[in-house]
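Enquirer: Top line first, the protein sequences correspond to chains A and B.
Sequential numbering of the first sequence, starting at 106, is according to this note's numbering.
Sequential numbering of the second sequence, starting at 238, is according to this note's numbering.
Derived from the structure by calculation, the hints contain no laboratory data.
Since we're looking at a predicted model, the values are computed, not measured.
There could be a bad hint or two in this list.
[Said to hold, decoys possible] Over the 12 Å line for every Cβ pair with chain B, so calculated as not near, a few chain A residues:
{"id": "1", "residue": "ASN124"}
{"id": "2", "residue": "SER166"}
{"id": "3", "residue": "ARG182"}
{"id": "4", "residue": "SER210"}
[Stated by the list, open to error] Once the Cα atoms are required to be at most 25 Å apart in a straight line, the calculated DMTMM-like pairs of lysine to aspartate or glutamate come out as:
{"id": "5", "chain 1": "B", "residue 1": "LYS315", "chain 2": "B", "residue 2": "ASP267"}
{"id": "6", "chain 1": "A", "residue 1": "LYS108", "chain 2": "B", "residue 2": "ASP293"}
{"id": "7", "chain 1": "B", "residue 1": "LYS305", "chain 2": "B", "residue 2": "ASP267"}
{"id": "8", "chain 1": "A", "residue 1": "LYS108", "chain 2": "B", "residue 2": "ASP294"}
{"id": "9", "chain 1": "A", "residue 1": "LYS157", "chain 2": "A", "residue 2": "GLU119"}
{"id": "10", "chain 1": "A", "residue 1": "LYS108", "chain 2": "B", "residue 2": "GLU281"}
We put the CB at the ideal spot given by N, CA and C, even for glycine.
Letter by letter, the chains look like this.
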Amino acid sequence: LAKTTQPISMDSYEGQEVNITCSHNNIATNDYITWYQQFPSQGPRFIIQGYKTKVTNEVASLFIPADRKSSTLSLPRVSLSDTAVYYCLVGDIPYSSASKIIFGSGTRLSIRP
Amino acid sequence: DAGVIQSPRHEVTEMGQEVTLRCKPISGHDYLFWYRQTMMRGLELLIYFNNNVPIDDSGMPEDRFSAKMPNASFSTLKIQPSEPRDSAVYFCASTLGRTPAGGANVLTFGAGSRLTVL
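Chain A with its partners taken away, still in its complex shape:
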């Protein structure tokens, strides 16, 4: 079971870069790292996924060190609309255990003007 640990909350200001780190010491060889974003009154939605090194898309970057025991979600130049809860999940396909798809408490990110 690849348990994840994230900060409960973070604060930042508009225009800043925000980095949220997730620890997953027991990550397995076949596991991928996936981040979700949840706004109030909505379901979580996919942001980014990676296996190793660095992944970048139009929304964020994901940095994964060589040992893969942690990962960092980087949000460049945040705006007020990035205020949300961010979840880090570790798992593989096909899902062999329900424990692979358990959401932790997430990181509540608050962006101020």
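For this one, chain A is given, so just place chain B on it according to the hints.
Expert: Just chain B now, kept in the frame of chain A:
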């Protein structure tokens, strides 16, 4: 595709009444999940299906909760009888078990059903 569709979006009922929540997954997805979210407990996995078969229901709180998936395009979560502590937002999510390109598949969530039991 219209995404994962849940109904009703809001439900207010009285204690003891039966509640049925519905979910239509994305066409072609072979995994379906039911989650419950509250401020106190966060997102809890209740049950998930693969190819319409329940794989793990260990998260279902008690016998008052039941879930079915009679076909690939429809699932229900039923609470009978409902209690005030069941008040929460219930999410349905679906995903495809395998992709040709590899990588772990991501969950697509519905908008949720907000249940209030008085």
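Enquirer: Next step is simple, just say for each hint if it's right about the structure.
Expert: Each hint, compared with the structure:
Even its closest Cβ contact with chain B, about 22 Å, leaves A/ASN124 beyond 12 Å, as expected for a residue assigned away from the interface. Every CB of chain B is more than 12 Å from the CB of A/SER166 (nearest about 17 Å), matching its label as outside the interface. A/ARG182, annotated as away from the interface, keeps every beta carbon of chain B farther than 12 Å; the closest lies near 24 Å. Not every Cβ of chain B is farther than 12 Å from the Cβ of A/SER210; the closest lies at roughly 5 Å, contradicting the non-interface assignment.
Restraint check for B/LYS315 and B/ASP267: the C-alpha separation of about 21 Å stays at or below 25 Å, so the hint holds. Distance check on the hinted pair: A/LYS108 and B/ASP293 sit about 19 Å apart at the alpha-carbon level, within 25 Å; holds. A distance of roughly 14 Å separates the Cα atoms of B/LYS305 and B/ASP267; the hinted pair therefore holds under the 25 Å criterion. A distance of roughly 20 Å separates the Cα atoms of A/LYS108 and B/ASP294; the hinted pair therefore holds under the 25 Å criterion.
Between the alpha carbons of A/LYS157 and A/GLU119 the distance comes to roughly 29 Å, so the proposed pair goes past 25 Å and is violated. Distance restraint check for A/LYS108 and B/GLU281: the Cα-Cα separation of roughly 15 Å lies within the 25 Å cut-off, and the hinted pair is therefore satisfied.
Hint compliance for this structure: hints 4 and 9 are broken, all remaining hints hold.
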